[in-house]
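Using the hints provided, position chain B relative to the given structure of chain A.
There are 2 protein chains.
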Amino acid sequence: MTTSPTPRVTIKDVAARAGVSKGAVSLAFNHKPGLSEATRDRIFEAARELGWAPNLAARSLSSSRVDVVGLAICRPAQLLGLEPFYMEFVSGVESVLTERSCSLLLRLVRNVEEEVGLQDAWWRGKQVSGSILVDFRADDPRVPAAERLGLPVVAVGHPSLTGSLTSVWTDDATAVTEAVGYLAALGHRRIARVGGAAALGHTSIRTAAFDEAARALGIAGARQVATDFSGEAGARATRSLLSAARPDRPTAIVYDNDIMAVAGLSVASEMGLGVPGDVSLLAWDDSQLCRLTHPTLSAMSHDVHGFGADVARTLFGVITGEGPGSHPVPTPVLTPRGSTAPPKV
Amino acid sequence: MTTSPTPRVTIKDVAARAGVSKGAVSLAFNHKPGLSEATRDRIFEAARELGWAPNLAARSLSSSRVDVVGLAICRPAQLLGLEPFYMEFVSGVESVLTERSCSLLLRLVRNVEEEVGLQDAWWRGKQVSGSILVDFRADDPRVPAAERLGLPVVAVGHPSLTGSLTSVWTDDATAVTEAVGYLAALGHRRIARVGGAAALGHTSIRTAAFDEAARALGIAGARQVATDFSGEAGARATRSLLSAARPDRPTAIVYDNDIMAVAGLSVASEMGLGVPGDVSLLAWDDSQLCRLTHPTLSAMSHDVHGFGADVARTLFGVITGEGPGSHPVPTPVLTPRGSTAPPKV
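Chains A and B are the protein sequences, given in the same order.
If you read the first sequence in the UniProt record's numbering, its first letter stands for residue 1, the second for the next number, and so on.
If you read the second sequence in the UniProt record's numbering, its first letter stands for residue 1, the second for the next number, and so on.
Take the hints with a grain of salt, since some may be wrong.
Straight line, CA to CA, 30 angstroms or less: simulated BS3-like cross-link-like pairs of lysine-lysine [as the list claims (entries may be wrong)]:
#1 B:K12 - A:K22
#2 B:K344 - A:K12
#3 B:K22 - A:K12
#4 B:K22 - B:K12
#5 A:K22 - A:K12
Bear in mind the hints are in silico, worked out from the structure with no lab data behind them.
For reference, chain A alone in the conformation it holds in the complex (with noise of 0.2 angstroms):
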């Protein structure tokens, strides 16, 4: 963006140089068919030497075509690389986005205020046609930000974090509560969970849930621990509360996903405590990592491929113009492996 007064190239320049319509170049820049090779280098060359490129707002609003979704995500660089849940939601997007010749514009944050200015530029510099926002936290500020801005978003984050954004989320209240109770009906007294970052919504939803159901079914014994969600985190967490005295140790463990749970199964070896023999351990997502361990890992089963798909295309609806909703996606469900089993008496 230079402030001199160098005229203005349209694609009426491109078309008279290549000597061509100004349809063919249109159908060149928009990777259409109908020319042959030797036109389309032509358009790009006069394109090229003139240093003209398509205003790609106009382009989009035109055609009504979406090129680009943006995602932030707030996690240090190193444990996203760790964590199966992320690849997979992104997996999960990039597989509806493909069919549409969409690309995912991904960018790593520090904290939810430098997403906010992010958001900003990238919407505002129409790099984007609409972005997908996740790990929503109490008073998030990107919920006003994303109002404020008109940014057709899909927060992935329960109706109570996500303001009047079109939400998806998952009913991990209900999830939690069919967990503690399977344990129980097990006639675990002493349950464990070893949950994901405190200060993340959902993870304050599933530790009420927990601390809720506990209560309704009697149980004195449970304990919470929060982590970053890393398996080392998990095994950590594990480690303390197996070292616990016997009448304090817990008997049953649930994870907040399936790195942690994997840890944990390789703690309780490490400690010659037999799973599910000593202790049973819930795992929660439910990647492949659950039926490669052995024992094999009980989970909450959540389908996080589809997840993402389901987000996606509920952020194609909102960017062409439907209204605002709430999507709730299947809640998880127990998939009983070998890895829980009713306590030793």
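This is chain B only, laid out in the frame that chain A set:
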């Protein structure tokens, strides 16, 4: 891109309508400090009303600022979510992009021809400043396409596959030779390799190196199986290898990634075979998974996160005009853990 002769709106019109200088509009759209919130809002409001957006290409050229880097991956969406490699690689790329306020434009493609068209459209449409190309094959059409376009790229692949493009690569042949040599030194004579997708260049390099190493060591009982890198395929391959009659059954298996080795460990357990007593397993890449199993998995350790970061840094060099180069990253090194031992006699 309409063909009706609408007059083109310029930055001057936006400045006039907002009652500010062109420099102020530039500051606002480049997301730079120095303007009050009210002024910024007025500028964006004026730009929206007039339907104006900065020419991203001009902005990028005038400020030498790199905003977006492209990455297309040719894998089924479902598989992408299951392989730790790509998420760790992407997280390494993002760790460098984030430092420079840059985003990653990510797209899944069905085949390499689709990627050629996509990179062409991204570059000519000025949507990216450069791209990362991965998963090279023999006679890869992306090499001449990138050369012809003048697209700044980093090719992640062995120089024998990437032509004149700047490459960042791992010496897979040396690493395979070390892996086979180590297992042979332990006393193994029936060694199998569960490899990746046969069409990929780096798989061919590993396959040839495995055969060569076995020949050089006089190991007759060497076998190789190709897979799609998924845990399920790794489990099937392992089940098939371990179902051979005892005298033919491999006593050691090398895997092309870690998720397949985890799956292999589970299959050995399911078949009642001890690891490493009955069969030694050696993983590749070495994400945290290898330290979470029991026994822990010996691996050819490769810092995939650091590899992604190196690739991103090299791409910034290419974009800012560094000449072509070939950049080997550290060769994967043997990290012995609990899953390898001498064979039972």
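Taking the hints in turn, this is what the structure says about them:
1. Our distance criterion of 30 angstroms between C-alpha atoms is met by K12 (chain B) and K22 (chain A), whose separation comes to about 26 angstroms.
2. Of the supplied pair hints, the one linking K344 (chain B) and K12 (chain A) is violated, its CA atoms being roughly 78 angstroms apart against a limit of 30 angstroms.
3. Using a Cα cut-off of 30 angstroms, the hinted pair K22 (chain B) and K12 (chain A) holds, with the two alpha carbons roughly 26 angstroms apart.
4. Taking the CA atoms of K22 (chain B) and K12 (chain B), the gap is near 6 angstroms; set against the 30 angstroms cutoff, the hint holds.
5. The suggested pairing of K22 (chain A) with K12 (chain A) holds, with an alpha-carbon distance near 6 angstroms, which does not exceed 30 angstroms.
In summary, the structure is inconsistent with hint 2 from the numbered list given earlier, while agreeing with all the others.
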